Amino acid sequence: MPNLVLSAKNLNVELGGEKVLEDLSFDLKEKEILIILGPNGAGKSVLLRTLLGLMPFNGEIQWKKDIHVGYVPEEFFVSSTLPLSVKEFFRFKKVSQKQILTALNYVGMETSEKFLKKKLGTLSSGQLRRILIAWVMADLPDVILLDEPMVGIDIHGRETIHDSLEKTWAEQGQSIILVSHEIGEIVKKADRVLAINKRKLFFGPPEKVITPHNLAKIYGSSIIL
Amino acid sequence: MDLQLFYSLIVGIFVGGTAGFLGSLMITKRMALVGDALGHVALPGVALALIYGFNVSWGALPCLALGIVLIWFLEMKTKLPMEALTGIVFTASVAIAFLFLPESEVSTALVGDISQINLSDTFISVILSLMVFLILRNIFSQMILINLSEELAYVEHVEVKKYNLIYLICIALIVAFGIKVTGSLLMGALVITPAAAARNIARNLFQYSYGSLIIGALSCAIGILLFKSLGLPAGPLIILIASFIFLISLVFRKK
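Which chain is which? The protein sequence lines are R and E, in order.
In this text, residue positions in the first sequence follow the working numbering: the first is 1, and each later residue adds one.
In this text, residue positions in the second sequence follow the working numbering: the first is 1, and each later residue adds one.
Mixed in with the good hints there might be a few duds.
[What the hints assert, rightly or not] Here are the computed lysine-lysine pairs in the BS3-like style, where the Cα-Cα straight-line distance is at most 27 Å:
1) E:K162 to R:K94
2) R:K65 to E:K161
3) R:K93 to E:K79
4) R:K65 to E:K162
5) E:K29 to R:K117
6) E:K29 to R:K118
7) E:K77 to R:K19
Calculated directly from the structure, the hints in this document are not laboratory data.
Note that the structure is a prediction, hence the values are computed from the model and not measured.
Using the sequences provided together with the hints, build the complete structure.
Structural data, given as structure tokens:
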């Protein structure tokens with residue numbers, strides 16, 4: 001399959017003797033938006049981190065050759081006393097001023113020189129999240145993995161960011177893997193949905209797999225206990 | 001100006017400046033007290049150097065290397081917190097040093113003596129400080145990124161382990177050379193205080209890191225000049241000047 005960006009086969013991950021992911025297989029195509037759903041503790045973040053080579057695993061992970069991967073982690077904290085400006089943070093990536101401004105536009109942030117001079121640690125958690133997304137996108141990765149990117153952003157902000165990101169991704173032809181613990185608007189924008197709870201629950205285009213029966217599989221199983 | 005004073009000033013400015021620059025990274029990585037602890041770890045080597053009359057930095061370096069490896073090894077074996085192990089190793093080092101450190105040399109070992117410094121020592125201190133400064137400047141943004149998120153750094157192809165090792169070697173070198181200036185008891189302050197002062201007033205990383213460098217160098221220069229005119233020991237004067245600058249920085253603290 002020439003247009004595969006990623007192929008994962010029979011992934012097994014253990015944490016402290018406990019199985020966190022079991023026998024998971026899926027793939028990601030070029031320009032595809034894949035949403036990973038699952039209840040809290042289903043192993044979604046572990047899956048992303050395994051794909052990135054941050055966790056030991058059994059099985060097979062095959063990325064397309066020379067691919068440039070970007071990652072938006074779930075947790076990202078900056079001390080308010082750290083004198084690191086927004087601009088300096090972007091400069092870590094050796095990107096030009098123009099690329100910084102373009103990336104800030106993707107996430108609907110202001111691009112004034114005054115804002116660029118602000119300390120990263122003094123931004124609100126929502127602003128910081130948007131900056132992080134823009135930072136990851138600034139040097140145009142081929143694939144972006146986002147772990148609960150909208151946590152801490154209000155509903156209005158979410159819609160704006162989703163719309164603008166979706167447009168940008170379509171323009172740039174990036175592949176996206178987005179982890180979310182809640183089912184919402186976002187799922188409609190996916191090309192395929194992968195639901196997991198340690199094991200694969202279902203995998204396919206949203207119009208086919210998002211059924212009441214399947215949803216009960218995700219959220220029912222977490223309620224039983 | 002007499003030659004000895006000139007050498008002392010040069011060493012103070014270069015080592016103090018680099019220590020300040022290093023401190024801006026150490027505070028960020030919550031490793032502020034590591035410089036302090038390593039200063040103590042070096043003490044047995046400093047004692048040997050004082051007894052046999054060679055440069056204290058050369059005595060300090062093998063002790064630091066041994067201490068760092070020992071802490072790393074114990075952490076692997078016991079999984080106890082790093083700070084507890086560092087505490088054990090540094091107090092044991094002080095205890096060993098005091099078994100054979102001559103009483104007449106106690107003050108030199110603890111608070112330094114920069115008055116007896118020759119041309120070759122000066123030359124080596126300058127070269128090594130410059131080298132460490134250039135290395136730190138090169139790894140600075142990667143180290144800050146590692147501090148913000150190790151995983152993010154890894155994904156951005158920063159070799160985290162390699163950078164941490166280089167950083168640790170830089171700390172060991174600066175502690176070894178700083179001991180010559182302020183002694184093992186006060187070495188920690190040479191790293192922490194200038195950086196803390198700069199952090200209070202800086203708006204960005206550039207101001208922060210170079211502010212630390214300038215405050216470190218300035219504290220050493222003023223401290224050494226005061227030592228010359230007052231006759232009080234240079235090490236404590238340097239640290240008091242840095243502490244005074246820190247107090248002033250509180251007034252101008254940026255929210």
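The hints, checked one at a time:
{"no.": "1", "hint": "E:K162 to R:K94", "result": "holds (21 Å)"}
{"no.": "2", "hint": "R:K65 to E:K161", "result": "holds (25 Å)"}
{"no.": "3", "hint": "R:K93 to E:K79", "result": "violated (35 Å)"}
{"no.": "4", "hint": "R:K65 to E:K162", "result": "holds (25 Å)"}
{"no.": "5", "hint": "E:K29 to R:K117", "result": "holds (22 Å)"}
{"no.": "6", "hint": "E:K29 to R:K118", "result": "holds (21 Å)"}
{"no.": "7", "hint": "E:K77 to R:K19", "result": "holds (26 Å)"}
Comparing the model with each numbered hint stated earlier shows that hint 3 is the single one that does not hold.
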